[in-house]
Amino acid sequence: MSTPSTDERPRDDEAERATNEGAREGRRGGTVREYHAKVWDEPSIMEMGAAGRRGITFPEAESAVRDTVGSAADYLPDAVAREDDPALPEVAEPFVVRHYLHLAQETLGFTNISMWGTCTMKYAPTMNEQLEKRHLSNLHPRQDDDTLQGMLEIAHELDGYLQELSGMDRFSFQPASGTQSAFVFTSLLRKYLEDRGELDQRTEIVTTLYSHACLPATADVAGFDVVTLQPGENSYPSTEALEAAVSEKTAALMIVNPNDLGVYNPNVDEWVDIVHDAGGLCFYDQANFNSTMGISRARDVGFDASHYMLHKTFGNPKGGLGPAAGAFGCREELVEYLPTPLVEYDEADDHYSLDYDRPNSVGKVREFWGNLPLVMKAYVWVRSMGAEGIVEASNLSVLGNNYLETLLEDVPGLAKTVENVTQRRMEMTRYSWGELFEDTGVSTVDIRRRLTDFGIDAYWMSHDPWTYDEPFTPEPGEMHSKENIETYAEALRRIAEEAYDDPERVKTAPHNQSIDRVDEERIDDPDQWAMTWRAYQRKFGDHED
Amino acid sequence: MATHHPHMPNATEEATSAMLSAVGASDVEELYEQIPERLRFRGELGLPEPMTEIELQQHVGGLLERNETCESNLNFKGAGCWQHYVPPVCDEIIERREFLTSEWGSPESDKGRNQAWFEFCSQLGELLELDAVGLPVYSWGNAAGFAMRMAHRLTGRTEVLVPESISPERQSVMENYSRLSSGERRLTIETVAFDPETGELDLDDLRERCSSSTAAVYYESPSYLGTIESGAETIADVAHEAGAECIAGVDPITLGVLDSPATHGADIVVGTTQPLGIHMNGGACSGFIASRDEEEYVVEYPTLLLSVTNTATEGELGYAFMPEQLHRSSYGLREDGNDYTGTSVYLWTIANAVYMSLLGKHGFRELGELVVERSHYAAQRLSAIDGVEVRLSPSFFKEFVVDFEDAPVSASEVNDHLKAEGIFGGVLLGEEFPTLGDAALYCVTEVHTQADVDRLVDAVTEVVEA
Ligand SMILES: Cc1ncc(COP(=O)(O)O)c(C=O)c1O
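Keeping their order, the protein sequence lines are chains A and B. The opening residue of the first sequence carries number 1 in UniProt numbering; numbering runs sequentially from there. The opening residue of the second sequence carries number 1 in UniProt numbering; numbering runs sequentially from there.
These aren't lab readings, by the way, just hints derived from the structure by calculation. Note that the structure is predicted; figures quoted are calculated from it, not measured. Think of the CB as a built atom: it goes at the ideal place given N, C-alpha and C, for glycine as much as any other residue. The reader is advised that the hints may include incorrect statements.
[Stated by the list, open to error] Only pairs whose alpha carbons sit at most 16 Å apart, straight line, appear in this in silico EDC-like list of lysine to aspartate or glutamate:
id, chain 1, residue 1, chain 2, residue 2
1, B, LYS419, B, GLU71
2, A, LYS539, B, GLU294
3, B, LYS419, A, ASP146
4, A, LYS133, B, GLU65
5, A, LYS191, B, GLU175
6, A, LYS133, B, GLU95
7, A, LYS133, B, GLU92
[Claimed, not checked] If we take Cβ atoms under 10 Å as the criterion, some of the chain B residues that face chain A in the derived model are:
id, residue
8, GLU119
9, ARG179
10, SER221
11, VAL257
12, HIS279
[To be verified] Pair by pair, the computed Cβ-Cβ distance ranges are:
id, chain 1, residue 1, chain 2, residue 2, range
13, A, SER63, B, SER212, 51 to 61 Å
14, B, SER412, A, GLY70, 28 to 38 Å
15, A, TYR500, B, GLY46, 53 to 63 Å
16, B, TYR85, A, TYR500, 51 to 61 Å
17, B, SER383, A, THR111, 46 to 56 Å
18, B, THR461, A, ALA87, 40 to 50 Å
19, B, ARG40, A, GLU93, 52 to 62 Å
20, B, SER383, A, ASP144, 24 to 34 Å
Chain A on its own, in the form it takes in the complex:
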């Protein structure tokens, strides 16, 4: 076959190449691909193996060791020495590898498009995993500072970058998650109020219904009463509602902005003033920071403390719910209360250290000083993006979400929520499949299951309580291509149309996964649930039901 001469082909070819990022024509037309998960019918590891097989063996103690000490049994008190070996499987190493490889293959996860809202799905660079393995695996948290200078410098620098992005004065990386950041705040708040002799007076924390559940939850754990403001017509409560709720009993305001409907409260600075005037502190949950990086800063808005998700905004892999790390920042006056230790830098000696001598600290919310691999990877993320890249990431996140909105506009049975807010949404938007459900009986849960049949991760619906029927909250982030966004919209459109044509097909989804639709309801019953294989055996014997 002769190749067409170069001047004959460029235009078409380039157009085609431009759409190749996940946008090649699918087998059935459009860009949605056919997908089918691997089906291994993989047994439980508990059923695998045979007597005598080993996945690993250990050496015997050296003869000099045994000559000196005798045998281990001499040191294990009879009262608690274990007689029977644990009922673990006996599996040879290659089969352990193969088993977990199969389980990985039976996982769609984020191997393709995932616009899981409220979580900011990002690329996890391979280089970071290598750096972690090579340099951090064998660090011990109680090594002398002298031996941790590189890691301490990274933490110190990241602190500085976060100060720049937030306007805050100091950061702690001890929180093991976003929720723990909120817990640092409520812990710190108690100590702060105690020092001012106001703990008995200021007993209430004000939040909003569309703020994340971890804010009221950690407020409660720290002993505060929670006042939750209900949504106003724009999804954020009115300023009057806040004024009515705030009093001399107010200890703090804890809110998320933008909320996870993608709506930004434009009066947020007024809110801060109101709470400050009443003598309370203000905490800004910046878990949704992907919408406003370099666009607006917590401290400038007036907040006393804020937090950032290193496992979300700062390029760390999700791990299927962690490991995670919260970066908690606050203004100078509150620094003394931060968890111990803090990283200090002595410029004269060019020396970094961990300061444990912090008498007013809230102590610890987690052992040691932080999830260091996540701190390192967040540092890499900032250094890789630079200021311009970070702002562009916000731009693209908000733009991508608005682009998705235009593509979803006339999908049958789908409506955008809070229609009266006509301004462009931020990095995510909450939709409702209420009309589609009314018309077809197909629910948002059915649709998210059906979505996975196209090799696209299920979507986030909504935090509790559901205030809109059949909610759905996508967040494209900056990592998905324009073509991915188009494919995503096309898949949803196809499913909506299918719901009207053949609702059973959607209701019985998924059809292309390693297993059929699971029965979630039955495991609310104590006689039916089984959290371990041994419980399952006890309740059902061998595959009995």
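Use these hints to put chain B with the ligand onto chain A, whose structure you have.
Relative to the frame of chain A, chain B with the ligand by itself:
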């Protein structure tokens, strides 16, 4: 304008302008129309210039090279984060992108990952001989703190007894869950003395302190100071006689040679899973909570719980979060939920699952015996040095207390000398446990050969006898 950053496919002029025109915006500024001008940041972010991957790898690699590690040094520190052997298979599996980067997904499309979580719970359940194992919490301290609050909800009482030998780190975490709460939910933590000879809980002191106000008796085995608690049964009995819950903290790597506290009456067992296939990572933490499968306990877990279940196809199994438990957690009930939950350390439970299946039925015993023999070898050799005493010595697993009080040099000076020899000496205990003399907590595991221990002993001898 566009950065063409390799992780942002839309960072091109073409993609940006195509999307802008589709949404009817003339520039990106318009996207932020919800944010009033007065709330906008208009300064320059003072961040360093971006680097390419090659530059970054060299830069970050260079910075991290400035650390010293427990690979290039011989390490004897433990104290809550231990250097155990991590089979490379554990790393291979959790580096798989399917596991590494997933979010919640759905029970069907992420069936394999959910099954791996279930196998974590199942295998840990076998080590613990308990039927109910929750999805992970952040750390041992967090697990103990949450368990203590479970006991409070179960009993309506507010006092918690903990051993005086507890890790100060862990106690500080627990205290954050106790003293914070106000009013009738404010818990008080009281310490119970330990026997100065054996390190075990002082049972007379325990009996004295345990009362009808006690919500829980919490003990650890091995304790922070390394000793094995042989009075487990009695401790549980004392707690139960007072109507209190018995909570045990355990390092699960010991469970090939030691009984699970559950078999001696503990109601709730907590601990860390870091020893089970997770690198130290400068302070990796991972906690678990387990109990009998009784509804009364199960509904008090703060964590999400996963169960095996049926699918629409006869005979097929799937794995899902228990829905009511999810709604009972803080995700569902907000301030009325059980404490709080959220993103935790789920990926590491898969490394734990791999680890437990590699060791299997016999590996934990083999490993446990090796550790006990080598650690006791180290203790006996060290205690043979003039002026060096090993305290609380009768029965410990991998950690033991070395007291330099009678030596001509301090524990801290010993560490300085060791460091010059490329050895990380034990964690100093002097400030936290003054009654143990001028002491350090040494940790010896399966990674330490006899030659390693001999090297340590020679170096200590050299500095003590110099
Ligand atoms: C707005 C918001 N705040 C807080 C959190 C809690 O974070 P984590 O899951 O890390 O505890 C989340 C979780 O995604 C969130 O979306």
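- prompt: Given GLU119 of chain B was flagged as interface, is its beta-carbon under 10 Å from a beta-carbon of chain A?
  reply: 5 Å, holds
Status of the given 24 to 34 Å range, CB of ASP144 of chain A versus CB of SER383 of chain B: 25 Å Cβ-Cβ, so the 24 to 34 Å window holds.
message: Checking hints one by one. Is HIS279 of chain B an interface residue toward chain A, by the C-beta closer than 10 Å rule?
response: 4 Å, holds
- prompt: Once the shortest beta carbon distance from SER221 of chain B to chain A is found, is it less than 10 Å?
  reply: 7 Å, holds
query: Would you say the C-beta atoms of SER63 of chain A and SER212 of chain B sit inside 51 to 61 Å of each other?
result: At roughly 55 Å between Cβ atoms, SER212 of chain B and SER63 of chain A fall inside 51 to 61 Å, so the hint holds.
field: Distance restraint between LYS419 of chain B and ASP146 of chain A, which requires alpha-carbon spacing of 16 Å or less
entry: 11 Å, holds
field: Range agreement (Cβ of GLY70 of chain A with Cβ of SER412 of chain B, hint 28 to 38 Å)
entry: 33 Å, holds
Status of the hint placing ARG179 of chain B at chain A (closest C-beta pair under 10 Å): 8 Å, holds
message: With the threshold set at 16 Å, check whether the alpha-carbon distance from LYS133 of chain A to GLU65 of chain B stays at or below it.
response: Since the Cα atoms of LYS133 of chain A and GLU65 of chain B sit roughly 13 Å apart, the hinted pair holds (cutoff 16 Å).
message: A range of 52 to 62 Å was offered for this pair. Does it hold for the Cβ distance of ARG40 of chain B and GLU93 of chain A?
response: Given range 52 to 62 Å: holds, Cβ gap about 57 Å.
message: Can you confirm whether the C-alpha distance between LYS419 of chain B and GLU71 of chain B stays at or below 16 Å?
response: 13 Å, holds
query: Going straight from one Cα to the other, do LYS133 of chain A and GLU92 of chain B come out at no more than 16 Å?
result: 11 Å, holds
Against the hints set out earlier in the document, no violation occurs for any number.
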